[in-house]
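Starting from the structure of chain C, add chain Z where the hints point.
Listed below, chain by chain, are the residues.
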Amino acid sequence: MRLILYVVRRLLILVPTLLGVTIITFVLSHAPGPNLAVAVYCTPRLGACTIDNPLLKPIVDQFHLRDPLPVQYAYYLIGLLNGDWGYTTSAVRGGMPVTQAITIFFPQTIELAITSTALATLIGIPTGTISALRKDKLSDHATRIFALVGYSIPFFWLGLLLQILAISLFPEWEITGGYSFSSMDPSTQPWAFVIVGETPLLFSQPTHFLVLDAAIHGSGSVFIDALKHLVLPTVTLTIGVLGVILRMVRSGMVDSMNQDYVKTAWSKGLPDWVVTRVHIRRNALLPAVTVVGLLFAGLLGGVVLVEDVFAWKGIGYWATQAVLQFDPGGVMGTTLIFAVFLVLINLIADVMYAYLDPRISL
Amino acid sequence: MGAVTVNRPSHAARFDMEGWRRRMREYRLLLRLLMKSPPAAIGLVIVLAYLAIVIYDQFFVAQNDRMIPNFNDTIPRAPFWWPGGTAAGGWFGKTNNGIDLGDAMLKAIRIDLMYSSFVVLFGALVGCLIGVFAGYRGGLFDEVLMRATDVTFSIPFLVFVIAAAFAFGKRDFLTINTILLALWWPTYARLVRAQTLSVKELKFVEAARAAGASDGRIMLKHVLPNTLAPVFVQISLDLGVVTQIFAALNFIGFNAGNLFIPELGNLIVVGDTASFTTYPWTVIMPGLVLLIFTVAVNLFGDGLRDVLDPRARR
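Sequence lines, in order, name chains C and Z.
Position one of the first sequence corresponds to residue 1 (our numbering), numbered consecutively onward.
Position one of the second sequence corresponds to residue 1001 (our numbering), numbered consecutively onward.
Keep in mind the hints are simulated off the structure, nothing from the lab.
Take the hints with a grain of salt, since some may be wrong.
Claimed, not checked - Cut-off 30 Å, straight-line C-alpha distance, at most; resulting in silico cross-link-like pairs (DSSO-like, lysine-lysine):
hint	chain 1	residue 1	chain 2	residue 2
1	Z	K1036	C	K137
2	C	K313	Z	K1170
3	C	K57	Z	K1036
As the structure is a computational prediction, the values presented were derived from the model and not from experiment.
Isolated chain C (complex conformation) (with noise of 0.2 Å):
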């Protein structure tokens, strides 16, 4: 009961949040002025590209650029909530919703996290547990060492690294690079693509996830091909993160190995396996899961700089082309859909923390 207090007190804290990201949004895509509103509409034979413009004036009353800016925000919202995120011309030749822009990114760059955040909790927590145990000793300073590279090394230059090394050394694996065309083609694969105007994009069904609907449809050679492209992208990002992860498992792990309930557990006799997991690692673990909030919000970061260097079509790979395509739907749509999806994590991250441990007051 009082954890669901809890969680409605986090909901009603995130109220605000929320608005002032839309604030920002808002005025981040209303800062170059009206006129580029209009500029978007009007061809230089209909005369000057200002509101003033008598032609113009359809337009100027639909989007009610006369109002001043606390009313065209109050519209902002209203047309927000009713899931009219606007247009973006960036994401594809001819243009898209915003929304539906979104739901064609977004599960590429989910794929990508959840499966680099997956891989890295299931490398990090054995490794940094093994390295606290022996503290000290070789297999210590060469996890540590990793660990330090791992979170010091600029994403872009691990993606391009990661290439150079893929091409010299393995070139026939052909793990970079494009799908391979021939075994992916919208009228033998229908349910892979979705067609914009008149451009195909990568839209798989029913999962959204290229790799699980080509197992799902039991196209062999599109698994093949979608798992091979996944590794480098997957392994840039799971090195980083896998950085983060193995400090924090280490230093939690050092800090309960000398708490006093420990030194009690191994006096009882109890075996090493006993205390290592049940009365060290449980311990230790705990206050990780309040930095997988920060965690994301660095691969979220990460993840803009890996899809634009591996190509990989998702909603970072769509904001830093909205930028130098000076696309306003896009980056105002791109800005909101990771700012609300940080604090989402961030929401569950905080009440799963309330949830693990007893002694946090609701």
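The following block gives chain Z in isolation, referenced to the frame of chain C:
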């Protein structure tokens, strides 16, 4: 009518030599403790070496703000120690457009370090002042500030910078710097605010208030200096982060109109345009310079944290 004169000690006489000596002794102790841990010592030495390069660049290198292309010899050449490298490549090789990597990286280190330390120090200054004010006064300002930092923390930093650059409608070097300057204070404000909340309850603050010190004086002279230890650690760790963000932004195309600016991210782009699979050193070398700096800064920052945390001094 005799004028009333107040016999105030002049500024020079007020200079507190003994206090100054005491402080220097403390710093010397910190340095000695820091040098006891080999990783931190290595980190410090590397950071100082980079600093020396910056100073050398600033005063002894001509044309230190642009890379010098050689359009007569545009093909990248490997360094002489590289498999298949020739003496024409020199120590660090040549990248696209005949730019000598050694020369370009030397200049790039100056630009990267100078701009990123400017961003970090300015952010720390602003953040400290805002944080100590919010923590000391509390009330509405504090509440608004915390919500504002919540908002900035809920957007991934890189995305935020990209979006802000869009709002300015420019993607050049100066704009990016201005944006970073404006966005880099919330971490410090939070750190200092949290420290202030505990420091302002201590006895010496009460004593200062009883002696009639103004709020501003208490904040700046008594509270702020006692909140700075975690700030120094954060500054040292942030130097690496900002340098990387800087290079990353240049890498994804935020240096429009200045293709020959010596910057490590830009150097990687230059190498990338000449096919990094054929000439890998054009990409590897600048990245390595960046990596070594970040590792060194992290080592130094971790060592500093251990030294400044009294519990870990044992």
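Hints, verified against the model:
no. : hint             : verdict
1   : Z:K1036 / C:K137 : holds (19 Å)
2   : C:K313 / Z:K1170 : holds (24 Å)
3   : C:K57 / Z:K1036  : violated (73 Å)
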